[in-house]
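As given, the protein sequences belong to chains A and B, one line each in that order.
Position 95 (the first sequence) corresponds to 95 in UniProt numbering; numbering is contiguous.
Position 54 (the second sequence) corresponds to 54 in UniProt numbering; numbering is contiguous.
By construction, these hints were calculated from the structure, which means they are not laboratory data.
For each residue, glycine too, the CB sits at the ideal point set by N, CA and C.
Hints are supplied without guarantee of correctness; some may be wrong.
Unchecked claim - Not close to chain B: a few residues of chain A, all C-beta gaps over 12 angstroms, as computed:
| # | residue |
| --- | --- |
| 1 | Leu3 |
| 2 | Pro5 |
| 3 | Thr11 |
| 4 | Thr30 |
| 5 | Thr41 |
| 6 | Ser97 |
| 7 | Asn99 |
| 8 | Pro102 |
| 9 | Leu115 |
| 10 | Pro142 |
| 11 | Pro144 |
| 12 | Ser146 |
| 13 | Gln181 |
| 14 | Gln189 |
| 15 | Asn192 |
Unchecked claim - If you only want the chain B side, here are some residues facing chain A, beta carbon under 7 angstroms, derived:
| # | residue |
| --- | --- |
| 16 | Ala29 |
| 17 | Leu36 |
| 18 | Pro37 |
| 19 | Ala98 |
| 20 | Pro102 |
| 21 | Gly170 |
Below, each chain spelled out in residue letters.
There are 2 protein chains.
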Amino acid sequence: MSLAPWRSLVTSALHRNRSLVYSRYVQLATIRENGLPANRTVVFRGFLENSNQLKFITDIRSEKAEQIQQKSGAEVCWYFPNTREQFRISGELILVSANSHPHLQPARIKMWQELSDAARLQFVWPEPGQARVKDPQAFAPPAPDSTQPVETFCLLLLDPIQVDHLELRGEPQNRWVYHLQQNQEWSTQAINP
Amino acid sequence: MSLAPWRSLVTSALHRNRSLVYSRYVQLATIRENGLPANRTVVFRGFLENSNQLKFITDIRSEKAEQIQQKSGAEVCWYFPNTREQFRISGELILVSANSHPHLQPARIKMWQELSDAARLQFVWPEPGQARVKDPQAFAPPAPDSTQPVETFCLLLLDPIQVDHLELRGEPQNRWVYHLQQNQEWSTQAINP
Numbered sequence: 001m002s003l004a005p006w007r008s009l010v011t012s013a014l015h016r017n018r019s020l021v022y023s024r025y026v027q028l029a030t031i032r033e034n035g036l037p038a039n040r041t042v043v044f045r046g047f048l049e050n051s052n053q054l055k056f057i058t059d060i061r062s063e064k065a066e067q068i069q070q071k072s073g074a075e076v077c078w079y080f081p082n083t084r085e086q087f088r089i090s091g092e093l094i095l096v097s098a099n100s101h102p103h104l105q106p107a108r109i110k111m112w113q114e115l116s117d118a119a120r121l122q123f124v125w126p127e128p129g130q131a132r133v134k135d136p137q138a139f140a141p142p143a144p145d146s147t148q149p150v151e152t153f154c155l156l157l158l159d160p161i162q163v164d165h166l167e168l169r170g171e172p173q174n175r176w177v178y179h180l181q182q183n184q185e186w187s188t189q190a191i192n193p
Numbered sequence: 001m002s003l004a005p006w007r008s009l010v011t012s013a014l015h016r017n018r019s020l021v022y023s024r025y026v027q028l029a030t031i032r033e034n035g036l037p038a039n040r041t042v043v044f045r046g047f048l049e050n051s052n053q054l055k056f057i058t059d060i061r062s063e064k065a066e067q068i069q070q071k072s073g074a075e076v077c078w079y080f081p082n083t084r085e086q087f088r089i090s091g092e093l094i095l096v097s098a099n100s101h102p103h104l105q106p107a108r109i110k111m112w113q114e115l116s117d118a119a120r121l122q123f124v125w126p127e128p129g130q131a132r133v134k135d136p137q138a139f140a141p142p143a144p145d146s147t148q149p150v151e152t153f154c155l156l157l158l159d160p161i162q163v164d165h166l167e168l169r170g171e172p173q174n175r176w177v178y179h180l181q182q183n184q185e186w187s188t189q190a191i192n193p
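Okay, chain A solo, but in the shape it has when bound (with noise of 0.2 angstroms):
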């Protein structure tokens, strides 16, 4: 596997937005069942190792995941504030849950090791979409173990496919196009704003 040519864009886009915690919060669209656009805040946790791929976490009771298990087609629109530049990155999203993808499970369970105390108490929280639990006490739960991640939690990759990166402080503006080709190498084009 080589570093797309991207990769090193989003990596100096993250350093140069560093002061930024947000910098890391991309919005990810899917498909929802009626065929009508969801999309949400999500948080990237860095690179697949060895792969292009982008880490988010999930919890299997969300309605992304049930909407990614119909459709897997997403788009990733990523803008960094400091730099005002835009990546959009489409693919194709790997559910890795509990019962999924045997080779990824020591990625699942590396991913939520990494996660925050108050990061793995979410994945027990009640049903997220259902009416809201009056008792305050169903959101503080004791935690759960540190090691071994909950049946709920998932590891969710997006294998990209084509990226859009856009420069609006270019004079006029910068723009282009990566595209993952049949052969495994990407292409790179620039084109209009």
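Using the hints provided, position chain B relative to the given structure of chain A.
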């Protein structure tokens, strides 16, 4: 028309995040012709008068204008960094081009007049998404008339049907869903984050 119950929350979030120019940037998800999602950053331009519709602008030559004419369903994801809250606004897009929606032409013209010179100039740049025009002069055309919109300029409206509001700062977190019912009233429900 009565203001939707989530309108004051958006207004308040805009006010409390006004120090960040990019708190008016949102991510707009639409569906491509091939059924896959598309997602990009757009600038919120206020609400249409006497309505709950969000205003954006786009170029008739852009991919999103094409997508919208095929499938008008969309979801905006709007994250406010200072207050750590997210609005997901889903609904139908209305593309107001030079040759459509006669009753919305006054709103289209007014939007054009309110733009900065730099914003207006982009609508007479070479065709977006095509192979980069190398001559920099192509991106420095004479400024278009500031009173009468050019043919490529579209007002884009999002007519909301559902709004999902998440406050990360709550204890634990707070989340509500607002839904437009058949009687044109909005329902409100507290749900689990």
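To see whether the hints hold, each was checked on the structure:
1. Leu3: Since the minimum Cβ distance to chain B is about 24 angstroms, Leu3 (chain A) lies beyond 12 angstroms and the statement holds.
2. Pro5: holds (16 angstroms)
3. Thr11: holds (20 angstroms)
4. Thr30: violated (6 angstroms)
5. Thr41: Non-interface label on Thr41 (chain A) violated, nearest chain B Cβ at 5 angstroms vs cutoff 12 angstroms.
6. Ser97: Given that every Cβ of chain B is farther than 12 angstroms from that of Ser97 (chain A), nearest at about 20 angstroms, it holds.
7. Asn99: holds (23 angstroms)
8. Pro102: holds (28 angstroms)
9. Leu115: holds (16 angstroms)
10. Pro142: Non-interface label on Pro142 (chain A) holds, nearest chain B Cβ at 15 angstroms vs cutoff 12 angstroms.
11. Pro144: Its Cβ never comes within 12 angstroms of chain B, the nearest being 15 angstroms, so this holds.
12. Ser146: holds (19 angstroms)
13. Gln181: Holds: least Cβ distance 17 angstroms, greater than 12 angstroms.
14. Gln189: Violated: least Cβ distance 7 angstroms, not greater than 12 angstroms.
15. Asn192: violated (5 angstroms)
16. Ala29: Cβ of Ala29 (chain B) sits 4 angstroms from chain A, so the hint holds.
17. Leu36: holds (4 angstroms)
18. Pro37: Since the shortest Cβ distance to chain A is 4 angstroms, the answer is holds.
19. Ala98: At 21 angstroms from the nearest chain A Cβ, Ala98 (chain B) fails the 7 angstroms test, so the hint is violated.
20. Pro102: violated (28 angstroms)
21. Gly170: violated (10 angstroms)
Going through the hint list in order, the structure does not satisfy hints 4, 5, 14, 15, 19, 20 and 21.
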